[in-house]
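Chemist: Protein chains in written order, with this note's numbering: chain B, 1 to 583; chain D, 1 to 583.
Where hints are given, some of them may not hold.
[What the hints assert, rightly or not] Subject to a maximum C-alpha distance of 25 Å in a straight line, what follows is the list of computed BS3-like cross-link-like pairs (lysine-lysine): (1) D/K114 x B/K114; (2) D/K114 x B/K124; (3) D/K525 x D/K392; (4) B/K465 x B/K216; (5) D/K216 x D/K465; (6) B/K465 x B/K259; (7) B/K392 x B/K525; (8) D/K124 x B/K114; (9) B/K465 x B/K197; (10) B/K255 x B/K583; (11) D/K124 x B/K124.
Since the hints were made in silico from the structure, they are not lab data.
Number of protein chains: 2
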Amino acid sequence: MGPRSAAAFLLPTPAAALHIATRSTTRLVAHRRTALRSPLAGSRSGGSRARHVPATATMTTGAPAPTASARDAYEAVCERVREISRLEGVAGLLNWDEQTMMPEGSAAARGAQKAALAACVHDKQTDAALGAALEAAEAALSAAAASEPSPLNEYERASLRDARRSYDLTRRTSRELAARVASLQAEAHGVWVAARKANDWDAFAPMLERLVSTAKEAAVTSRPALADRPYDACIDMFERGMTAARLAEVFAALKPRLKALLDEVAAGTPPDVPACLDGGPEWDVERQAALSKAVATAMGFEFSKGRLDVAVHPFTGGPAPTDVRITTRYSTGNPWEGVSGTVHEVGHALYEQGRNATYVDLPVADPLSMACHESQSLLWEFCVGQSRAFHKFLTPLLHDHFPHTADVTPDVLHAARNRVAPGLIRVDADCLSYPGHIFVRFDIEQGLMDGSVAVADVPRVWAEKMREYVGVEVPDAASGCLQDVHWSGLAFGYFPSYTVGAMMAVQLLGAARQALPDLDAQVEKGEFVPLREWLRVNVHEVGSLYASLDELLVAVTGRPLDVDGYVEFLRAKYAPVYGLADK
Amino acid sequence: MGPRSAAAFLLPTPAAALHIATRSTTRLVAHRRTALRSPLAGSRSGGSRARHVPATATMTTGAPAPTASARDAYEAVCERVREISRLEGVAGLLNWDEQTMMPEGSAAARGAQKAALAACVHDKQTDAALGAALEAAEAALSAAAASEPSPLNEYERASLRDARRSYDLTRRTSRELAARVASLQAEAHGVWVAARKANDWDAFAPMLERLVSTAKEAAVTSRPALADRPYDACIDMFERGMTAARLAEVFAALKPRLKALLDEVAAGTPPDVPACLDGGPEWDVERQAALSKAVATAMGFEFSKGRLDVAVHPFTGGPAPTDVRITTRYSTGNPWEGVSGTVHEVGHALYEQGRNATYVDLPVADPLSMACHESQSLLWEFCVGQSRAFHKFLTPLLHDHFPHTADVTPDVLHAARNRVAPGLIRVDADCLSYPGHIFVRFDIEQGLMDGSVAVADVPRVWAEKMREYVGVEVPDAASGCLQDVHWSGLAFGYFPSYTVGAMMAVQLLGAARQALPDLDAQVEKGEFVPLREWLRVNVHEVGSLYASLDELLVAVTGRPLDVDGYVEFLRAKYAPVYGLADK
Numbered sequence: 001m002g003p004r005s006a007a008a009f010l011l012p013t014p015a016a017a018l019h020i021a022t023r024s025t026t027r028l029v030a031h032r033r034t035a036l037r038s039p040l041a042g043s044r045s046g047g048s049r050a051r052h053v054p055a056t057a058t059m060t061t062g063a064p065a066p067t068a069s070a071r072d073a074y075e076a077v078c079e080r081v082r083e084i085s086r087l088e089g090v091a092g093l094l095n096w097d098e099q100t101m102m103p104e105g106s107a108a109a110r111g112a113q114k115a116a117l118a119a120c121v122h123d124k125q126t127d128a129a130l131g132a133a134l135e136a137a138e139a140a141l142s143a144a145a146a147s148e149p150s151p152l153n154e155y156e157r158a159s160l161r162d163a164r165r166s167y168d169l170t171r172r173t174s175r176e177l178a179a180r181v182a183s184l185q186a187e188a189h190g191v192w193v194a195a196r197k198a199n200d201w202d203a204f205a206p207m208l209e210r211l212v213s214t215a216k217e218a219a220v221t222s223r224p225a226l227a228d229r230p231y232d233a234c235i236d237m238f239e240r241g242m243t244a245a246r247l248a249e250v251f252a253a254l255k256p257r258l259k260a261l262l263d264e265v266a267a268g269t270p271p272d273v274p275a276c277l278d279g280g281p282e283w284d285v286e287r288q289a290a291l292s293k294a295v296a297t298a299m300g301f302e303f304s305k306g307r308l309d310v311a312v313h314p315f316t317g318g319p320a321p322t323d324v325r326i327t328t329r330y331s332t333g334n335p336w337e338g339v340s341g342t343v344h345e346v347g348h349a350l351y352e353q354g355r356n357a358t359y360v361d362l363p364v365a366d367p368l369s370m371a372c373h374e375s376q377s378l379l380w381e382f383c384v385g386q387s388r389a390f391h392k393f394l395t396p397l398l399h400d401h402f403p404h405t406a407d408v409t410p411d412v413l414h415a416a417r418n419r420v421a422p423g424l425i426r427v428d429a430d431c432l433s434y435p436g437h438i439f440v441r442f443d444i445e446q447g448l449m450d451g452s453v454a455v456a457d458v459p460r461v462w463a464e465k466m467r468e469y470v471g472v473e474v475p476d477a478a479s480g481c482l483q484d485v486h487w488s489g490l491a492f493g494y495f496p497s498y499t500v501g502a503m504m505a506v507q508l509l510g511a512a513r514q515a516l517p518d519l520d521a522q523v524e525k526g527e528f529v530p531l532r533e534w535l536r537v538n539v540h541e542v543g544s545l546y547a548s549l550d551e552l553l554v555a556v557t558g559r560p561l562d563v564d565g566y567v568e569f570l571r572a573k574y575a576p577v578y579g580l581a582d583k
Numbered sequence: 001m002g003p004r005s006a007a008a009f010l011l012p013t014p015a016a017a018l019h020i021a022t023r024s025t026t027r028l029v030a031h032r033r034t035a036l037r038s039p040l041a042g043s044r045s046g047g048s049r050a051r052h053v054p055a056t057a058t059m060t061t062g063a064p065a066p067t068a069s070a071r072d073a074y075e076a077v078c079e080r081v082r083e084i085s086r087l088e089g090v091a092g093l094l095n096w097d098e099q100t101m102m103p104e105g106s107a108a109a110r111g112a113q114k115a116a117l118a119a120c121v122h123d124k125q126t127d128a129a130l131g132a133a134l135e136a137a138e139a140a141l142s143a144a145a146a147s148e149p150s151p152l153n154e155y156e157r158a159s160l161r162d163a164r165r166s167y168d169l170t171r172r173t174s175r176e177l178a179a180r181v182a183s184l185q186a187e188a189h190g191v192w193v194a195a196r197k198a199n200d201w202d203a204f205a206p207m208l209e210r211l212v213s214t215a216k217e218a219a220v221t222s223r224p225a226l227a228d229r230p231y232d233a234c235i236d237m238f239e240r241g242m243t244a245a246r247l248a249e250v251f252a253a254l255k256p257r258l259k260a261l262l263d264e265v266a267a268g269t270p271p272d273v274p275a276c277l278d279g280g281p282e283w284d285v286e287r288q289a290a291l292s293k294a295v296a297t298a299m300g301f302e303f304s305k306g307r308l309d310v311a312v313h314p315f316t317g318g319p320a321p322t323d324v325r326i327t328t329r330y331s332t333g334n335p336w337e338g339v340s341g342t343v344h345e346v347g348h349a350l351y352e353q354g355r356n357a358t359y360v361d362l363p364v365a366d367p368l369s370m371a372c373h374e375s376q377s378l379l380w381e382f383c384v385g386q387s388r389a390f391h392k393f394l395t396p397l398l399h400d401h402f403p404h405t406a407d408v409t410p411d412v413l414h415a416a417r418n419r420v421a422p423g424l425i426r427v428d429a430d431c432l433s434y435p436g437h438i439f440v441r442f443d444i445e446q447g448l449m450d451g452s453v454a455v456a457d458v459p460r461v462w463a464e465k466m467r468e469y470v471g472v473e474v475p476d477a478a479s480g481c482l483q484d485v486h487w488s489g490l491a492f493g494y495f496p497s498y499t500v501g502a503m504m505a506v507q508l509l510g511a512a513r514q515a516l517p518d519l520d521a522q523v524e525k526g527e528f529v530p531l532r533e534w535l536r537v538n539v540h541e542v543g544s545l546y547a548s549l550d551e552l553l554v555a556v557t558g559r560p561l562d563v564d565g566y567v568e569f570l571r572a573k574y575a576p577v578y579g580l581a582d583k
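Turn these sequences into a full structure, and let the hints guide you.
Modeler: In structure tokens:
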């Protein structure tokens with residue numbers, strides 16, 4: 001449960017991640033990090049609701065004392081954890097409202113209200129009574145270990161496991177440290193905004209020193225087992241169980257193959273893009289919003305359990321799985337941002353709407369991790385939403401909403417939306433050059449954490465790495481190492497999630513394709529619900545049943561994170577667009 | 001602090017009143033009942049910020065120990081009370097969102113989240129540590145009583161007084177009783193909706209028995225000093241310090257004079273109303289919304305500290321004085337509801353935006369009472385918004401937004417909007433027949449509380465009283481004693497606030513007129529800010545400084561609630577419209 005731990009650790013409020021997103025100039029995900037979840041126990045693990053219920057039923061009809069007491073003790077934990085989750089849901093609404101509805105004059109009052117709520121949440125998270133309830137449940141479960149069936153099903157045991165993990169993480173962070181972290185984030189954000197605006201690395205560098213040292217301290221304090229591996233402790237906040245070593249191994253395998261593919265594409269024939277697909281006054285934002293809503297509806301986003309609104313910095317948030325709120329933005333100058341952003345955010349939103357309803361407000365219904373959440377948005381945005389099949393669905397809708405595009409065919413649209421253009425800015429990158437941006441940041445973060453890269457050297461290293469991984473020259477700090485909000489938000493270790501998420505997306509889609517042989521034909525017709533349902537059963541409802549992303553991937557696809565499949569997918573994606581030779 | 005006490009008593013959540021409004025088919029006020037407030041210490045009492053500050057300054061420079069300790073002890077209370085207020089502000093946002101933004105599928109999750117937040121609030125309200133802090137502050141203040149100046153200014157002393165009052169009220173209500181009250185409200189609401197729909201008194205009667213008995217129990221439990229006067233205890237929830245005896249005295253003086261005025265109007269010449277002012281497709285709702293926004297802006301509603309949205313059941317709510325959210329509704333069939341409703345809600349909203357900012361989140365910045373809040377909406381809706389001067393302002397705006405009204409003059413518009421038509425439904429009543437509806441309900445509530453009216457007799461008594469006070473025949477329960485949401489919400493004692501508020505509005509406007517001799521000329525020109533400022537200084541910022549409405553009225557207008565002035569105002573209002581003789 002990376003998100004949960006990140007929140008528990010970074011700030012005394014669950015809104016840590018949302019905070020980052022609020023300030024982001026990017027489309028950093030801001031799904032709720034902590035609280036609620038939904039549906040029937042995942043069939044993918046062989047578990048089903050029917051299977052779990054008897055376990056409980058047995059106990060109430062004639063099980064031995066330890067069993068009954070394990071259930072009672074478990075329920076006592078659940079009661080406390082649900083209260084916390086509900087209050088975190090309230091915090092989720094405050095954040096959404098702040099970014100979409102709140103009048104400008106109420107920032108101070110809202111800040112005070114969020115702090116009051118965060119204090120309530122923190123008090124409950126660190127309540128010694130919760131610790132005692134956890135101990136009692138663990139003891140009872142341990143005492144009943146010999147009994148068959150287990151007094152708790154696997155989902156219940158996972159909730160207990162993660163409730164313990166969150167409790168320990170939160171207890172280890174003192175109020176003083178939490179306050180210092182929050183205060184540094186607020187200060188650093190202002191310094192970063194000003195430095196980026198002034199294109200002045202030196203204005204930010206001293207702050208980065210403090211940020212690195214505080215990030216280390218906070219990560220290691222909450223994760224004493226990782227005391228000698230501070231970067232692993234940081235990564236664990238977003239992707240639990242993941243390590244820098246494992247990431248380095250995966251990235252090392254990826255780097256040369258992506259480089260080769262980028263070279264191949266650079267030597268290929270770029271697609272012709274008709275001028276009518278560029279921005280302009282024809283791209284009325286109301287019509288863009290209508291198109292986005294039509295796409296979201298087709299994708300299976302349930303508007304009876306969510307909303308779609310406009311925000312300056314798009315995100316997905318909201319207070320509950322039954323109330324998931326997507327935001328997006330539309331401009332006439334960049335007409336594809338609206339629909340692409342909607343597809344991306346709907347991907348996040350479907351994960352949220354699909355939380356396991358049987359375990360609502362319990363840890364096992366939480367999304368597994370940052371990368372897992374990102375996999376859901378990227379599966380829809382890059383894998384489905386940029387496919388040829390999708391553009392057969394989208395083209396007639398586009399003609400309806402924007403008659404000036406009447407001559408554009410699905411293949412032309414598909415090619416136009418799959419251009420590759422390596423550049424300086426991560427958030428503007430196509431999905432082929434995107435991982436290079438992550439490699440740059442991963443290398444530098446590792447160096448900052450282990451001391452092999454000095455803060456003063458970051459601009460130079462950034463430029464070298466960008467040349468190596470992306471093939472571009474960095475002219476200045478503003479378009480280089482000052483472009484991201486993450487470090488000022490103390491989110492060291494967050495970047496790898498983007499690429500891990502993209503790889504996971506490809507891997508999941510491969511498994512889905514095996515289960516849904518007609519997938520392309522369904523997508524062409526705008527029938528997205530079979531895919532949504534497959535994801536719901538195999539990922540969304542599974543929630544945090546497994547303790548890591550690799551475990552989930554093995555259970556769903558038969559293997560851990562897969563480099564080969566990822567590169568093959570990318571090549572197949574761009575081959576028809578750039579006329580690459582068959583391989 | 002009627003609202004605060006009502007909330008503290010009715011439900012473990014401050015949202016009690018908002019609950020009622022949510023369910024209301026009427027335009028029951030749903031301003032936030034409990035939390036925040038704003039501005040400089042009221043000049044009206046001779047107090048000023050400058051005057052108060054030295055009192056504090058003195059202490060820090062060389063006052064005796066008891067003084068310094070009184071301030072510390074006071075601050076310790078404030079710290080706790082502010083936390084509660086902030087959480088109540090969050091509850092205010094949840095309520096607003098529920099009625100304007102929340103998708104229909106999230107009612108259950110929202111209910112659980114509201115309950116979790118309410119439990120946090122209740123825990124803090126009844127925390128023994130708050131009791132100890134109050135005792136310490138009271139003891140220190142008492143010990144310092146001989147010192148001059150007092151260690152606390154009058155606003156601070158009022159906050160302490162009301163913090164004590166709220167603490168005692170909340171502590172006296174057990175969790176069991178609070179839960180029973182909440183559960184009965186929920187159950188009764190459903191029964192009432194069904195009974196009203198089916199026009200079936202007998203379906204509601206047994207529930208009313210339970211409601212009366214529970215209302216008595218709850219009111220008396222929280223107010224043991226009123227144990228032998230349960231209706232007074234109920235009234236005290238909304239209008240503190242008010243009694244049935246005082247209301248009976250005021251109403252007794254009003255009744256014959258209103259009756260005489262109604263007769264006079266009935267014998268007068270009703271105004272001609274041009275057909276173009278009736279509903280129809282010309283009354284585009286978007287244009288109505290634009291007109292309402294223009295009016296709200298002119299009235300001085302600060303959009304940087306609030307919003308204006310649409311809701312099925314209009315109310316004013318929101319999380320803070322810097323974030324006051326008005327809702328209204330527009331229909332082509334009833335084009336005047338939108339602008340009238342907006343003027344009414346802006347009246348409430350200005351009170352909220354005008355809370356004393358110096359004492360934000362402290363009890364003294366709370367609105368004084370239900371009637372006082374209602375006085376603010378009615379002052380604007382009935383006294384200002386239905387005046388001849390206002391229609392000189394409104395008419396050109398109306399022509400701009402609705403060209404089909406181009407031939408309507410201010411006087412014709414004024415007359416059209418001042419028709420008197422006694423009818424069956426309270427919420428549709430003109431302001432001359434409105435008090436009659438209140439007399440009916442007051443008499444019946446008194447009877448239900450003292451046992452002189454049996455539940456079974458309510459329909460008969462209702463019909464008799466409506467004949468007597470309003471002059472109409474009641475055909476059935478749906479348009480009679482089943483029309484109001486209040487009883488099912490346990491809001492016995494609430495109705496009188498409407499008429500007391502109307503009287504207070506007239507009395508305040510009289511005082512404002514003395515201070516602002518050019519008021520009519522200002523209103524004609526749409527210059528409402530001088531009146532808003534007068535209200536801000538004399539009412540809004542004064543908040544809960546005084547312990548009762550009569551005390552406030554004496555301070556601002558020189559006399560308690562005034563029957564004569566009220567009747568004179570009404571006669572003067574209708575005389576030109578109905579051609580009444582000079583008196």
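Chemist: Which of the listed hints are broken here?
Modeler: none
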